[in-house]
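Throughout, my numbering is defined as the position within the sequence shown, counted from one, plus 639.
Each hint should be verified, as a subset may be incorrect.
Here are the simulated lysine-lysine pairs, DSS-like style, with alpha carbons at most 30 Å apart [as the list claims (entries may be wrong)]:
hint : residue 1 : residue 2
1    : Lys803    : Lys848
2    : Lys859    : Lys918
3    : Lys827    : Lys674
4    : Lys859    : Lys848
5    : Lys827    : Lys908
6    : Lys848    : Lys918
Please keep in mind that the hints were generated in silico from the structure rather than gathered at the bench.
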Amino acid sequence: MDVLERYEPLVDDFEAFRAACERPLPAVVRVNTIKTTVERAIDALEAEGITVERTDWHPALLRLPDDQPGANWPYFQGWIYGQEEVSALPARVLDPQPGERVWDACAAPGSKTSQIAALQDDDGVVVATDSNLGRLSALRTNTEQLGITSVAVTNEDARNHSLKPFDGEEYDRALVDAPCSCEGTVRKNPDTLDEWTLEHVEGIAGVQKGVLRRGVQATKAGGTVVYSTCTFAPEENEAVLDYVLAAEDCRLVDFEIPLDSTAGVTEWKGETFDPSVEKARRIYPHHNDTGGFFCAKLEVTA
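Taking the hints into account, I'd like the entire structure generated from these sequences.
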């Protein structure tokens, strides 16, 4: 089946959406402000003959003309880190503060973990969890290269995450950047849609529900949980939120983002979702010349 056609009823300009999905993704790096400043990183890249273009909405994100952004000394020194532009959004929405305890529930290979640590000025505790030991090895390598000291790593299924190693204390904030069908990464991984099946979407949605429930349970009352995916499927986005809103003490809250986006959908394939899922944001590739993304912000109420 044509997977993209499935979403024609949701997209404002379907032809622009399809055309954007067929274009290569711009190369983007995030400046690691734990080791350097944005200005120093730009100067270093330009001294290597690399043209740099700042993104409009994020001061530490730089677009590079080269599709190999890691082939330079600032990268090897941990001054910059390759990160897809829109994937820098959820950590910004989470807004972690210095001194806080934060859980990154699906952390490897560490893009958002390292971004959270940088937003905290490496002052706090970031618990980075993943069930894949090989990917956790990459996370540890990345955090070491970036000079991060505030990250603790756990190898476990996030649905069963234990607070016991951390004195049972709940988190101030949690990020659930959930494993998904990855439809929104088609510009980077064109084969993604070739492997798509509805059975996989429905199966991974069950995992997402469990991880987001645990994220809410592990976060203190008044704390923030951000849920995000890189997929278009409402089964993995609004339907997951609808389930967790009914199962746990939490509510969706409004938030502003500096990217063009649309509201979450309240109906899909005969299903109706909690009206508050409209507070979530859908980002399509043609909106900002990025990958596709979904992001929602929840407040824990008890």
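Do the hints match the structure? See the list:
At most 30 Å may separate the alpha-carbon atoms for a hinted pair to count; Lys803 and Lys848 meet this at roughly 22 Å. Our distance criterion of 30 Å between C-alpha atoms is met by Lys859 and Lys918, whose separation comes to about 22 Å. The suggested pairing of Lys827 with Lys674 holds, with an alpha-carbon distance near 28 Å, which does not exceed 30 Å. Restraint check for Lys859 and Lys848: satisfied, since their Cα atoms lie roughly 19 Å apart, inside the 30 Å limit.
A C-alpha spacing of about 28 Å is found between Lys827 and Lys908, which places the hinted pair at or below 30 Å, so the restraint holds. Straight-line distance between C-alpha atoms of Lys848 and Lys918 comes to about 18 Å, which keeps the hinted pair within the 30 Å bound.
The structure agrees with every numbered hint stated previously.
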